[in-house]
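S.K.: Quick mapping for you: the protein sequence lines, in order, are chains D and G. All residue numbers for the first sequence refer to this note's numbering, where the first residue is 1 and numbers rise by one. All residue numbers for the second sequence refer to this note's numbering, where the first residue is 1 and numbers rise by one.
Hints in this document: simulated from the structure, not taken from any laboratory. Do not rely on the hints blindly, as some may be mistaken.
Covered, in the sense of this in silico footprint (three residues per stretch, anywhere, with C-beta under 8 angstroms from a C-beta of chain G), are these stretches of chain D [claimed, not checked]:
(1) 70-82
(2) 96-109
(3) 141-150
Some chain G residues judged to face chain D by a derived CB distance under 10 angstroms, without partners named [stated by the list, open to error]:
(4) Leu3
(5) Leu11
(6) Ala363
(7) Ala383
Glycine included, each C-beta is placed from N, C-alpha and C at the ideal position.
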Amino acid sequence: MLLLEDVAKSFPLPDGTRLQILDIPELRVGEGEQLVVMGRSGCGKTTLLHVIAGISLPDRGRVEVAEREITQLNEVSRDRFRAANIGYVFQTFNLLPAFSALENVLLGMSFAAGRTDTSRAEQLLTRVGLKDRLGHKPAMLSVGEQQRVAVARALANRPRLLLADEPTANVDTGHQQQIVDLLRDTCSEENIALVLVTHTPDVASQFERVERLEDLNQVARSA
Amino acid sequence: MSLLRIAWRSLVERRLSSFLTGLSIALGAALVVAVLVIFSVIERSFSQAAHGYSIIVGAKGGRTELVLNTVFHLGRPIENIPWSFYKEFSEGRFSRAVKVAIPYCLGDNYKGYRVVGTTPELFSELEYAPGRKYEFHDGRNFATDGFYEGVVGYLVARRTGLKVGDTFAPTHGITTEEGQGHTHDEFRVVGILAPTGTPNDRALFVNMEGFFLLEGHAKGSPQPQGPDGSEAEESDEAETRAESNDGQAGSAGVSNESNAAVGDHQNETSAADAHSGHQGHTHNREPLPEDQREVTCVLVRVTDPILGTHLPNVINEGPVAQAVSPLRVTQELINTIFQPIRWLLLVLTTLVIIVAGVGMMVAIYNTMSERRREIAVMRALGASRRTILMIVLCESVMLAVLGGAAGVLLGHGLIRVANPFVVAMTGVSIGLLEFDILEGLLIPGLVILAAVVGYLPAMSAYRTDVARVLSAAP
Numbered sequence: 001m002l003l004l005e006d007v008a009k010s011f012p013l014p015d016g017t018r019l020q021i022l023d024i025p026e027l028r029v030g031e032g033e034q035l036v037v038m039g040r041s042g043c044g045k046t047t048l049l050h051v052i053a054g055i056s057l058p059d060r061g062r063v064e065v066a067e068r069e070i071t072q073l074n075e076v077s078r079d080r081f082r083a084a085n086i087g088y089v090f091q092t093f094n095l096l097p098a099f100s101a102l103e104n105v106l107l108g109m110s111f112a113a114g115r116t117d118t119s120r121a122e123q124l125l126t127r128v129g130l131k132d133r134l135g136h137k138p139a140m141l142s143v144g145e146q147q148r149v150a151v152a153r154a155l156a157n158r159p160r161l162l163l164a165d166e167p168t169a170n171v172d173t174g175h176q177q178q179i180v181d182l183l184r185d186t187c188s189e190e191n192i193a194l195v196l197v198t199h200t201p202d203v204a205s206q207f208e209r210v211e212r213l214e215d216l217n218q219v220a221r222s223a
Numbered sequence: 001m002s003l004l005r006i007a008w009r010s011l012v013e014r015r016l017s018s019f020l021t022g023l024s025i026a027l028g029a030a031l032v033v034a035v036l037v038i039f040s041v042i043e044r045s046f047s048q049a050a051h052g053y054s055i056i057v058g059a060k061g062g063r064t065e066l067v068l069n070t071v072f073h074l075g076r077p078i079e080n081i082p083w084s085f086y087k088e089f090s091e092g093r094f095s096r097a098v099k100v101a102i103p104y105c106l107g108d109n110y111k112g113y114r115v116v117g118t119t120p121e122l123f124s125e126l127e128y129a130p131g132r133k134y135e136f137h138d139g140r141n142f143a144t145d146g147f148y149e150g151v152v153g154y155l156v157a158r159r160t161g162l163k164v165g166d167t168f169a170p171t172h173g174i175t176t177e178e179g180q181g182h183t184h185d186e187f188r189v190v191g192i193l194a195p196t197g198t199p200n201d202r203a204l205f206v207n208m209e210g211f212f213l214l215e216g217h218a219k220g221s222p223q224p225q226g227p228d229g230s231e232a233e234e235s236d237e238a239e240t241r242a243e244s245n246d247g248q249a250g251s252a253g254v255s256n257e258s259n260a261a262v263g264d265h266q267n268e269t270s271a272a273d274a275h276s277g278h279q280g281h282t283h284n285r286e287p288l289p290e291d292q293r294e295v296t297c298v299l300v301r302v303t304d305p306i307l308g309t310h311l312p313n314v315i316n317e318g319p320v321a322q323a324v325s326p327l328r329v330t331q332e333l334i335n336t337i338f339q340p341i342r343w344l345l346l347v348l349t350t351l352v353i354i355v356a357g358v359g360m361m362v363a364i365y366n367t368m369s370e371r372r373r374e375i376a377v378m379r380a381l382g383a384s385r386r387t388i389l390m391i392v393l394c395e396s397v398m399l400a401v402l403g404g405a406a407g408v409l410l411g412h413g414l415i416r417v418a419n420p421f422v423v424a425m426t427g428v429s430i431g432l433l434e435f436d437i438l439e440g441l442l443i444p445g446l447v448i449l450a451a452v453v454g455y456l457p458a459m460s461a462y463r464t465d466v467a468r469v470l471s472a473a474p
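If we strip away everything but chain D, and leave its shape as in the complex, we get (with noise of 0.2 angstroms):
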């Protein structure tokens, strides 16, 4: 499902130097398989999701989705793929502050052509336990509340991997369970891979698979 084979990334600093902060000979993941990566702030943990999902190309390496090998694929193409085929739960939820809830569950349907589901986005509301607050903004809702929309958005497209980057970060305790237990029954039930990177031991054991990002990546390793 996932595979990514001696990828390195970097970043140009103002002397003119680079900063290496990726270097994975290599880490996959099967297909519908949970994988938790752990590791400090700062390490690499958001450039990796990034390197995933096609939004920054490595330096390089090769990065395999669905058996699609993202990285030979040009920007427009990876943009439609990623819309298809990967999810994306951010740190900070994300959503537009210009949309309802069920609105920006349908601005992530609308990107990947001709999958508009309004059924499916209220669906998914509900089954985040949203009924009530289709049409509720951002401003209106709680930080729980707005992550679960989050969720429920990166779900939108039946995606095949889905991407979550720190989900419970921004969330008090009470609801981080309540957000790791929807991400991951709902990735079970869909048989969606997920790959979620958090710095929270709590989070990270309620997974069978965790990899500590020092692990995977040489540059950190090294450090």
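Chain G: place on chain D using the hints.
M.R.: Below, chain G without anything else, positioned relative to chain D:
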């Protein structure tokens, strides 16, 4: 969710900024609409002012002058043409080619408004606009045998307070300054014209027979004098003009023979005036002999359009008079005077719109920095750069279209609100649905402008570095 809906929600989210930007576009568009509609109405009322007849026959001289003083009641009449020449149209050699020939006699005014001596056929035979016959706001047309009856234009009635049954005494001369206060006999108002939107709203029309009988109006009659006994200053000029025209032309309103004795009504008789409204006043009821008559000009409608082009040539080749096409002269006036002003104003209003467009660009561009994250999220959700570019362009175009549409409504609404004042001032009524064909270009023009000015902020959105924005703290 369509791009338009996404763009719309974005505009609504920033409603104050969107409203102000749209308002600036609307005001610019309203100005364009106002300029277009007002000039369209002016042009139409100008070109229709001479509707109903195709030729004006008057003394030789300036073509424009003849049209201005006949159609628009402006300037000074050139000279007069003999009654016998007018008869050529009614029963002479031109009569077979002529459907209607209306004589016009000028030379007097009432409180500064032109008094026209004519026949009732002016209102019964001619239309003032295509398919629109003269109507009377009050009263009726003057009768052929009602020598001292008159009809008052709508604006004159409003401004002077004249109403049916009132009397008015024309003053010698075509302006209040001329004639030095010499006042003629009174005419009785028998009708007030309904508004026509033509210069005839600003004139009074009296029976030509009565007009001829006024002091100094007969050919060869002495010039009337003012209250101080001085002769009207018109006379010297008239004499000079008469001499230069082989002594043929006397003014229908002003006699050329200034050396004659001053007297009362030249043809006054003891017959009492039969019509009401004249108190202690007597009028001559015998028509002026034809050899003493002159007219200023004749409005001619020909029986056949081909004759309409042939007849002027025949008249112009003769020594007595000239024939001009009022439509052609009016069009020349429009082209040389109104069109340049119209284009100048259009350029200015277009500049106003362009400035508003630049304001729109700045407004949208300024929102880009606060929308970076929103754009990055949409990109992360799968929106392509092109999609983002299109969303921003849609916002720009929607603002322009909505602002433009509001401007069109605002422009027409303002014109509608101002209409009573315009009617009171000019007699021209501008309807709510008066459109100019160029208005059809306004919205497409705004769309192009919006696409151009929206391109800079759209490119800024297009170039958003998704990974960097998403990695940064919100």
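S.K.: Now tell me, hint by hint, if it's right for this structure.
M.R.: Here's how the hints hold up against the structure:
no.	hint	in the structure
1	70-82	holds (count 5)
2	96-109	holds (count 9)
3	141-150	violated (count 0)
4	Leu3	8 angstroms, holds
5	Leu11	9 angstroms, holds
6	Ala363	16 angstroms, violated
7	Ala383	5 angstroms, holds
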